[in-house]
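J.: Here are the chains, one letter per residue:
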Amino acid sequence: MTAIDNGIREAAVQQQTQVERTEDNGVLPSRPLGLADHRVYYGALPTPDQLPLGELAAKLGHAGVRGRGGAGFPLYRKLVSVSGAARARRVAPTIVANGCEGEPASHKDKHLLWLAPHLVLDGMVLLGRELRATRAVLAIEAGAPHGKGDLVRRVREAVAERDVRQDGVRVEVVEVPGRFIAGESAALVSTLDGGPGLPTYREDSVRERGVGGTPTLIQNVETVAQVALIARYGADWFRDYGTAAEPGPQLFTVYAGRNRPRVVHAAAGAPLWPLIADAEPIDAVLIGGYHGSWITAPMARHARLSEADLDVPLGAGLIAALPAERCGLAETAHIVRYLALESAGQCGPCLNGLPRIAAALELLADPHHASQRNGLLEDLERWCGMVEGRGLCHHPDGSVRLVRSALIVFRTEIAAHRAGLCTGGDRRPLLPAPAPAREYAAH
Amino acid sequence: MNSSVLWYASQATGIVSLVLYTIVMLLGITVAGQGTVPGLPRFSVVALHRSISLLSIAFLAVHIGTALLDSYVDISFISSFVPFASSYEPLWIGLGAVAVDLMIALVVTSLLRGRISPRVWRVVHWLAYAFWPVAIAHTIGLGAGKGGLISGWGLWLTIACVVAVGAALVWRVAAQQERSRRTPAQVLEKTRSEVRV
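Quick note, the sequences are listed as chains F and U, same order. Read in order, the letters of the first sequence are residues 1 to 443 in my numbering. Read in order, the letters of the second sequence are residues 444 to 640 in my numbering.
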């Protein structure tokens, strides 16, 4: 924490604005902030004079921000290629803040938008000015379920509070169907262009030709919020959090024990165990999301929360501890069934592969079937190999990553199932997997 | 060269072209319908489709060349490209010219496939479904006449070609409908019921 940062917080407390600091160092407030409170809490948005063109990009490059939507792509490189494409073609770019969390178990983006919508809007304004974008779209899940109220309304109210002339960027709020793959960049562009919202084959990346054919910068809302923080507090403040390779404060959705999931703020390099210790005894931990990986409990006990240490991507920031009385195979089968049903059904490997993998996992998760059928593991291995690296989007790859990690982490459980036993007493699924609201139209 | 030799050469290469183009159609429909040929990997079905279509150009060239050289009937060079410009059998020769033009469009766009937009190639390639019936009409119209080879076994061969392509088209439409009804949920249910018996 730098002096500036503390100073701003002190000021907030001194002015008695009823904004309390939270346990997570104030990166997020403890209650939703309106525009006035937001300005007090975080400080004023830097004006174009305070932050001349080019300076924000330099700060973001120095900060080493990586996208928080799951893929972890460096923000600076995207920024450079979008502005390069815009300059080369003389077309004003579009920026999209992606709040389509999609992942049923993840709440960090909704949590952020609920508590600090103006932080995301600030980030959009800053990126919009930097790129001289003519369109700025905030995409959020239609009817996004959020425990505390109507998120879409809250975000729209926040947009209405702002002064467009002062911002220089008008933010449009677009509601996107809450499907697992709706937030994939090409699918999102398709939705924003009035299409079916499915991943599509694109000759050029969306950075070259995205929404309406314009160069498009799509960033997860948490990344956009980080832009607003870096513009205020600087790249060094950002790098004070985390490790050199994985800098910055990050939001995680944590499932630990019977409690409802929490959204916490943590930085890479911190010990993982304290976040999930409440769930003891645990069997395994799911890291990243439904496209993530299982790790064993002993590994979780000693690992640090970083991709380098865990050797798995932190992805969309899900950390879910599986209590020991649960069956990891049943849990994985439940998730993979959801993933298979969320396939758009456009590409053969995904349409024909994922449901078969899901069916085989269901058999494996059931000791009665697992003990009677040979060749299930071989089938799974073979099918995983057949769908990996194929298809228009990374849905098959991510799903296969989860299945492969389960086959390794739960191998003793697999042996038990093949002997007709299950060590998990509680077979109810832990993580949510909603049934599809509607099927994707067939092609 | 004897005129009747040229006449028979033209008729024979015409029939061979028809059979080859029928095979090209069948392979193309198989590829488009995402089907397979037993014993062949998918990429060789595509390769075969492409190679046979180029091979048939040679037969078509002989077919046209001999017809032009044959002095028994007077067909001008122009009328082999320009539809209905022929004084002899203007309709049937004209249909042959239409087929030649369509075939040139198909071959040229396919050779340039890497350089043109996929959509243009695709739209032009749909012309294959016009090319083949026109070629069949040309064959029957001229060949079934006096002295033509489309009688007896030649006629049966032509009928077999028509039936084969017709059946392939029915298969393609059915396969497409079956695929469009398939969803992940359906595949999951089907796999489940298969493995639990």
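Please note that the accuracy of each hint is not assured.
[Claimed, not checked] Facing chain F, according to a computed beta carbon distance under 8 Å, are these residues of chain U, among others:
hint: 1; residue: Arg615
hint: 2; residue: Val616
hint: 3; residue: Ala617
hint: 4; residue: Ala618
hint: 5; residue: Arg625
hint: 6; residue: Thr626
hint: 7; residue: Leu631
hint: 8; residue: Thr634
Simulated from the structure, these hints should not be mistaken for lab results. The beta carbon of each residue, even a glycine, is placed where N, CA and C say it ideally should be.
J.: Each hint should be assessed against the structure and marked as holding or not.
T.: Hint by hint, here is what the structure shows:
1. Arg615: violated, 16 Å
2. Val616: violated, 15 Å
3. Ala617: violated, 15 Å
4. Ala618: violated, 13 Å
5. Arg625: holds, 7 Å
6. Thr626: Where the cut-off is 8 Å and the nearest Cβ of chain F is about 5 Å from U:Thr626, the hint holds.
7. Leu631: holds, 4 Å
8. Thr634: Check passed: Cβ of U:Thr634 comes within 4 Å of chain F, closer than 8 Å.
When held up to the earlier numbered hints, the structure conflicts with 1, 2, 3 and 4 and fits the remainder.
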